[in-house]
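Each of the two chains sits in its own frame; use the hints to bring them together as a complex.
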Amino acid sequence: MNHADPEPGLTPEESALADGLRARVSPAAAPADFAARLRQLAAQPKAPPAPAPAPPGRRIRIAFGFAAVAAAAAVLVAAAWVAGYFGQSDPGQPSVAAGSPQGSAGQGSKGSPASEPPPQDAAPPLAASATDADAGQFLAVREVALVRRDRGLPPVQFLAVDGLRVTGEGSDRQIEVETRFVPVILEYH
Amino acid sequence: MEQSPDRLRDWERWLQDHLDAVLLYARRRTPCEADAQDVVQQALAEAWQRGAPELPLVFTIVRRRAIDLGRSGAARALREGEVALRMEPGWLKAEAESRDAAAFIAAQLSALPAAQQEAVELHLWSGLTFREIGEITGAPPHTAASRFKAAIAKLRPALAELDPNAPAHEPR
Numbered sequence: 001m002n003h004a005d006p007e008p009g010l011t012p013e014e015s016a017l018a019d020g021l022r023a024r025v026s027p028a029a030a031p032a033d034f035a036a037r038l039r040q041l042a043a044q045p046k047a048p049p050a051p052a053p054a055p056p057g058r059r060i061r062i063a064f065g066f067a068a069v070a071a072a073a074a075v076l077v078a079a080a081w082v083a084g085y086f087g088q089s090d091p092g093q094p095s096v097a098a099g100s101p102q103g104s105a106g107q108g109s110k111g112s113p114a115s116e117p118p119p120q121d122a123a124p125p126l127a128a129s130a131t132d133a134d135a136g137q138f139l140a141v142r143e144v145a146l147v148r149r150d151r152g153l154p155p156v157q158f159l160a161v162d163g164l165r166v167t168g169e170g171s172d173r174q175i176e177v178e179t180r181f182v183p184v185i186l187e188y189h
Numbered sequence: 001m002e003q004s005p006d007r008l009r010d011w012e013r014w015l016q017d018h019l020d021a022v023l024l025y026a027r028r029r030t031p032c033e034a035d036a037q038d039v040v041q042q043a044l045a046e047a048w049q050r051g052a053p054e055l056p057l058v059f060t061i062v063r064r065r066a067i068d069l070g071r072s073g074a075a076r077a078l079r080e081g082e083v084a085l086r087m088e089p090g091w092l093k094a095e096a097e098s099r100d101a102a103a104f105i106a107a108q109l110s111a112l113p114a115a116q117q118e119a120v121e122l123h124l125w126s127g128l129t130f131r132e133i134g135e136i137t138g139a140p141p142h143t144a145a146s147r148f149k150a151a152i153a154k155l156r157p158a159l160a161e162l163d164p165n166a167p168a169h170e171p172r
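Those sequence lines, one after another, are chains A and B. For the record, in the first sequence the residue sitting at position 100 is 100 according to the working numbering, with numbers rising by one throughout. For the record, in the second sequence the residue sitting at position 2 is 2 according to the working numbering, with numbers rising by one throughout.
So that you can see chain B by itself, here it is in the shape it has in the complex (with noise of 0.2 Å):
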């Protein structure tokens, strides 16, 4: 069955806009490149089965074969957040600062827990909902915010760092 240029269309557009964005989801769950860019093509093949795909189905799935990947003892502790998530500088692009800062906050992110820098992954950069993000992860809605709030008052001295307006203390 021919694929109809709407289908196509639909597809570069995902692609272009998501895909970023579940590629870094997946490098950071799979133990090299190859493994990751696996796992996301599994995904979208598996979920553009269903139809155009939608983001938290193809996180979901990322998540799950990313698991999958490996029975291992270390892709257990990943899984259950007893290890850092890999995060390569490469990874992520400053928008218009320097490469520095990309790197910075890079490391910032690194230091997070697991399972707040999973929250931040799916809000900050794919626009995922709480409710979305407790779907894919398997956390109520409010633990899924609740991760991303901690991880934001983590960063936001970092954030400080770089730029002085920001706010660099908690609100009281």
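Okay, chain A solo, but in the shape it has when bound (with noise of 0.2 Å):
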């Protein structure tokens, strides 16, 4: 709306027919007890603002689940990071199972050898490919792969998985995904 617009007028005839029905009628009183309890409204202590209603709308919702799933991503990625799943650059370097002696053999010595990998319990690798990424949390990765399959969409070749942020082929950029906890929405390049 534009506020520098005038006021609009209106004609001499026009007023006096306005006068005219105000002069012949006005709304009828409002009932007696009705009116008495306003005024006690206004008698009473302030009340503290109500709380704004939380919007109807999904984005909402798809916001909270991506910070979920994210947040949930994110310490699940930092976790493996530390247990050292990720850059592990030999491929040939024997697995050492959590619990056997060659993982209790170092532990609460210092000075260990830092080569040496930390304790693995028998969790696959996490994935860097579609094939792998239903394996460990990343549910949502999976979760695109079936919206598509039912969708009809051709598969994504997933390339990597940087926490949510999925990279791989595909028409689409944006697909709303709706995992086991939260909707959420998944954009990939």
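Rather than coming from a laboratory, the hints here were simulated on the basis of the structure. Predicted model, so just to flag it, every value in this text is computed and none were measured. Among these hints, one or two may not hold up.
With a straight-line Cα cutoff of 20 Å, these simulated EDC-like cross-link-like pairs (lysine to aspartate or glutamate) come out [as the list claims (entries may be wrong)]: (1) 93(B) - 33(B); (2) 93(B) - 17(B); (3) 149(B) - 161(B); (4) 149(B) - 13(A); (5) 93(B) - 33(A); (6) 154(B) - 13(A); (7) 93(B) - 19(A); (8) 154(B) - 19(A); (9) 93(B) - 161(B); (10) 149(B) - 14(A); (11) 149(B) - 19(A); (12) 154(B) - 14(A); (13) 149(B) - 7(A).
With the Cβ distance kept under 7 Å, some of the chain B side facing chain A (calculated, not the full set) [said to hold, decoys possible]: (14) 23; (15) 24; (16) 102; (17) 105.
Cβ atoms here follow ideal geometry from the backbone N, Cα and C, with glycine treated the same way.
Shown next, in the form of structure tokens:
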């Protein structure tokens, strides 16, 4: 609305008619008990302002869902990084099962070799491709593939998984995903 | 927090000046008297939280609460002006003439399109400017004014019937 617009006016005849109408009828008085109730309303202590109602839009849920899943994934990736799942460039290095004699041998000894792998559970390595993406907690990535399959879209060749940002090929740049927990929107390039 | 005497006095004056018109506005947009009073009370409580209630704000809240009250098809039709607003003769009072005059004018008003009735209610009985009416109804000020002018033009014969001195025809 343009507040620079002048207030529209009435012609003298229109004003006279309006005045005539106003002089004849007016709103009936509110019921006395209702008016009394409203007077009491002002006498009451001022209540704190009501919290704003949650907007019903899905974007809030989506944002919350994305944040929750992203936080969970970030924790997982960080834990995996600490546990040494990433960055093992030597594929031939034998894995060390948790609780194995090798794994427990160095525990408690300061100055143990830095190259000594930390104890690992039998969890599969976190994925760098779609085929591995359903390992661990990367549910959303798997769901992308399922949704694409359900919609008849060609499968995406995921090239990398970085938290929840999925890099891959595909005609869609954004897809709505219903994970097991919350709806999220994943973007991929 | 106790309310100051000034605040209570302001409130009393506000109710005295505006409650009747606000309640009429709510009555015409809600299915029953209890709903109308609830909507007005909600609106006043909400507006009062923000300070002394400004009349356009109160009407805006009443309008929205009335729409929120019913999400039914009837409420939607009412909001979109597809059906006539309710008007009961007892909701208007005649100032100096017989009760019949009030009923007659109420009937004439009810025959107007809902948007025109709303413009009459807000401008005539609450003294809102067309800019304020536009803000309440979501229409440009000139549209609000046009609705009021159209309503007055349609009411002209009825007013002439009541008062032979009133202009009976559109001035040329």
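Do the hints match the structure? See the list:
no. : hint            : in the structure
1   : 93(B) - 33(B)   : 17 Å, holds
2   : 93(B) - 17(B)   : 16 Å, holds
3   : 149(B) - 161(B) : 19 Å, holds
4   : 149(B) - 13(A)  : 10 Å, holds
5   : 93(B) - 33(A)   : 19 Å, holds
6   : 154(B) - 13(A)  : 13 Å, holds
7   : 93(B) - 19(A)   : 15 Å, holds
8   : 154(B) - 19(A)  : 15 Å, holds
9   : 93(B) - 161(B)  : 18 Å, holds
10  : 149(B) - 14(A)  : 7 Å, holds
11  : 149(B) - 19(A)  : 13 Å, holds
12  : 154(B) - 14(A)  : 11 Å, holds
13  : 149(B) - 7(A)   : 14 Å, holds
14  : 23              : 5 Å, holds
15  : 24              : 4 Å, holds
16  : 102             : 5 Å, holds
17  : 105             : 5 Å, holds
Violated hints for the displayed structure: none, as all numbered hints are satisfied.
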